[in-house]
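From first to last, the protein sequence lines are chains A and B. According to this note's numbering, the first sequence holds residues 23 to 132 in order. According to this note's numbering, the second sequence holds residues 9 to 122 in order.
Hints listed in this document are in silico derivations from the structure and should not be mistaken for laboratory results. Positions of the beta carbon are idealized from the N, C-alpha and C atoms, including for glycine. Misleading hints may appear alongside valid ones.
Derived DSS-like pairs: lysine-lysine, alpha-carbon spacing no greater than 27 Å straight-line [as the list claims (entries may be wrong)]:
#1 B:K110 x A:K114
#2 A:K91 x B:K110
#3 A:K85 x A:K64
#4 A:K79 x B:K110
#5 A:K101 x A:K131
#6 A:K101 x A:K85
#7 A:K91 x A:K114
#8 B:K21 x A:K81
#9 A:K79 x A:K91
#10 B:K21 x A:K101
#11 A:K85 x B:K21
#12 A:K85 x A:K114
#13 A:K64 x B:K110
#14 A:K90 x B:K21
Partial list, derived from the structure: chain A residues whose beta carbon lies under 7 Å from chain B [to be verified]:
#15 G54
#16 K64
#17 F94
#18 F122
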Amino acid sequence: EDQVTQSPEALRLQEGESSSLNCSYTVSGLRGLFWYRQDPGKGPEFLFTLYSAGEEKEKERLKATLTKKESFLHITAPKPEDSATYLCAAPKAAGNKLTFGGGTRVLVKP
Amino acid sequence: ETGVTQSPTHLIKTRGQQVTLRCSSQSGHNTVSWYQQALGQGPQFIFQYYREEENGRGNFPPRFSGLQFPNYSSELNVNALELDDSALYLCASSIGQGYNEKLFFGSGTQLSVL
Chain A
23 EDQVTQSPEA
33 LRLQEGESSS
43 LNCSYTVSGL
53 RGLFWYRQDP
63 GKGPEFLFTL
73 YSAGEEKEKE
83 RLKATLTKKE
93 SFLHITAPKP
103 EDSATYLCAA
113 PKAAGNKLTF
123 GGGTRVLVKP
Chain B
9 ETGVTQSPTH
19 LIKTRGQQVT
29 LRCSSQSGHN
39 TVSWYQQALG
49 QGPQFIFQYY
59 REEENGRGNF
69 PPRFSGLQFP
79 NYSSELNVNA
89 LELDDSALYL
99 CASSIGQGYN
109 EKLFFGSGTQ
119 LSVL
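Build the full structure now, drawing on both the sequences and the hints.
Here it is in structure tokens:
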């Protein structure tokens, strides 16, 4: 059965304190690994898609990387506005029906 | 370009009742997916509609049903509500159903079952 697991469940950072979030997956025939950001009371917002081991993508203070078994979301010098829940997801066997991890709740304090 | 809109934003029902949630997909998108997100958890896939046909279903009982209309808007119906159905229900649209087609989510409907 496809599984996506995220750690830690929650992360409290001081502004400027860099850290990494982990997403491990057991998905047969991985067809991509998605990262989303979710703010309270909102739906998830797309950040990145990674397709192959070694691939990296960046957006502002966020960088996502992918290996054969896991993905990392690195947050460099975070600001309070980076506070959110970060979700990773992988497509099921066919199409874009996603299996999500439980998310990592990130709180960045000024 | 309007995004994905869902209605209502909040809903309170009692156990055993039926509920209908609505979703308008983003312009140009022909695929709608529904997800259930319990508090503190990631979204769980309920089902997907592509050009008015169900195109895959997650591990949800038949009392969860849906429709997609010719304008690609969609409804999620839940019969015989149970307390565990309390959750945020998210609708997402995409240009197609391919594995690389990213999902655009609405803000969800918060359903409380008492």
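query = Checking against the hints above, which ones are violated?
reply = Violated hints: 8, 10, 11, 14, 17; rest satisfied.
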